[in-house]
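Let the sequences and hints guide you as you build the complete structure.
Chains as they are written, first to last, in the working numbering: chain A, 1 to 223; chain B, 1001 to 1273; chain C, 2001 to 2230.
Accuracy of the hints is not assured; some may be wrong.
DEER-style ranges, computed between Cβ atoms [unchecked claim]: (1) A:52 with C:2137: 55 to 65 Å; (2) A:133 with C:2113: 36 to 46 Å; (3) B:1026 with C:2222: 33 to 43 Å; (4) C:2113 with A:199: 23 to 33 Å; (5) C:2062 with B:1133: 50 to 60 Å; (6) C:2130 with A:21: 31 to 41 Å; (7) C:2218 with A:133: 29 to 39 Å; (8) A:79 with C:2114: 44 to 54 Å; (9) C:2213 with A:52: 47 to 57 Å; (10) A:169 with C:2078: 25 to 35 Å; (11) A:43 with C:2014: 51 to 61 Å.
Hint data in this document are derived by calculation from the structure and do not stem from the laboratory. Glycine included, C-beta positions come from ideal geometry on N, C-alpha and C.
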Amino acid sequence: MTFWRAVGAIVWKDVRAELRTKDIFSSMFVFALLAVIIFDFAFELRVPSMKMVAPGIVWVAITFAGTLGLNRAFVIEQDKGSMAGLLLAPVDRSAIYFGKLLSSLLFMLLVEVILLPLVMILFNLAILSWQQLVVLLLGTYGFAAVGTVFSAMAVNTRAREVLLPLLLFPVVVPVILAGVKMTGALLDGEPFSTLGNWLRLMLVYDVGFTVVAYLTFGYVVEE
Amino acid sequence: MTGAAGTPMIALRKLTKAFGSKVALRGIDLTVAPGESVAVFGPNGAGKTTLIRILCSLSRPTSGSVHIGGLALSTHADGIRRHLGVVSHAPLLYDSLTAEENLRFFARLYNLPDAGPRINAMLERVGLTGRRGDLVRTFSRGMVQRLAIARALIHDPEVLLLDEPDTGLDPQAAEMLHRLLAELSGRQPRGATALPDNSNAAQPPPVGADLRGRSRPTARTIVMVTHNLERGLAIADRAIILANGRIALDASTRDLGLTELRALYDRHAGGSR
Amino acid sequence: MARNDRGLTALTAVAAAGILLAAAFALILAPRAAGLTPNETFAQRIIYFHVPSAWLSMLAFGVTMVGSIGYLASGQRRWDGLALCSAEIGIAFTLAAMASGSVWAKPAWNAWWTWDPRLTTYTVVLLLYISYFMLRDAMDDPARRARFAAVYGIFAFLSVPITFFSIRWWRTIHPVLFDAKNFGLSHGMRPVFFFSLAAFTLLYVILLLHRLRLERSKEAVEGLREQLGY
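Right, here's the structure in full:
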């Protein structure tokens, strides 16, 4: 019980701080939007229909913006040395993991929820549906679950935040792949039931790596 | 947490810490009794900060053992952390939260049942009640450090670890810190005037008292790293000089005068550069 | 120590002989594949190098994961040494597999490279372990470096099967060697293949042993440097 109380405290703290500065959210959102627009320019005159590339664009934007958000999650702790404050408290290291994971996830989902209608407008696509949101949720979760561990590592290296994409992208390939596949299928009008395999893949990924992260996060934050 | 009578509160045995090829601490042996306060002096690079970091469980020793309250730090870290309060020169606070929110956050992390009253008492004790709703970003260095002390004490820890807490403090804040530490170590600061007694209603309650006003019977165990020989001497029972990762001097402060300490410091620490 | 050295030299000689023999068998003695153009027929012989290289690279990365877990569990640096050395060799075998695959691909598919799923997965694997080394490079404190690398090594290896399956559910043009029942190889080819596999495995072991030795010497030098105060 104290475990979840600590998790909640960390999420509350991150949200509270973010509400004041809006640093993380605004940079993530603007970055995602820019990515979408740039890809629009990149593809528009070469592909017969933007519907073909829209899923890829959306997930690339999520990947880039998500990396930004994950980086910020630990940079703010590092800059002021406040990570030490968290580590000094009598809380399980994994509570810190889940707290950071959930707050990063929250910010990413917020960006996506606003981005999706914009994509719908810009590309004239019926991309908004509850099934899409489920796909986004599962995919974003997997991304954040692994990314939180790697961000905690990256921030402690000489290369700092630059290292996060290098570490993260190869490992999240299955999630991005599944996300693009499913988003595309849903856009094409295929029923949700045909995506069973991909959903299962995402679930296995999400659950599996959450377990691995839970077991290994402690090693990453202790000095 | 204190274990059997006679068990030291802090016990370090052959403590060594190396960062790759750089050795910060070489086989430190140290015991601190419950309620004792120890001042640690030494030149930069002597290993003082490393020592504090290991004591507060932020850093793992390369070899050797650390026992706090009779429990091994390597296996009982969570249980021990509850009883540690740490003040370092980094404030460990969040800029974008108010003073009150910061304390509330830590109260939650430490799972304190009576957070509200405690927060009020702490803010009052460090003189920040008027600024409780302001963002930490707007605080001066002195105020930040005062809040950091409040944070360190909010869970009423038995052991206090301080790493140069008076860095960058203005004289008034430094004086306040000094008095606070004197109180926590259970003594009057040497050479200072006695603190007014509690019958004066304008005085804030001593932090050594619990929330119902009963005073804590024993003094806290304190290990403080400081550059200020005079202040350190005033509140400590023991003085330790750390140089080159080793304890060069470990003496009781009872009969140790300031000039003598200065001479000893120059002798042991001066040649290490 | 001298006995170990002699043992290692002997084993190295055996490994070298094994590889040479495997090459001879593969290039000369193995039966021809049926039903292919002359170019393809000769290129097909690459299978005796390409597949073992690929398998061994995965074995090497698996050993890296074992070393990673071992390090986290025990805190002893030699496990980290194992992880590091095996990862290096793994990357070498990965590159060998990719190169030999390319040599096969040109006559067979008329392209040096395609983005078919199996190759794509393999590229991701290569990137994973390049990132592994970039992570190691970016850290100065040896203990923390070993710990971070161990955590990443575990994540990396565990991601491979999931990545593989995710990509497999796309179309593939890569010949599948192990169908449900039969090998893609005819009877006559099988002994050559397994011999080659054994030779490559021995090569891996030898390279690993030599590299571990090198790593130990490296650490000894570092230790001496410390003592002398460099």
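- Checking against the hints above, which ones are violated? Checked against the structure, the hints that fail are numbers 1, 3 and 7, while the rest are satisfied.
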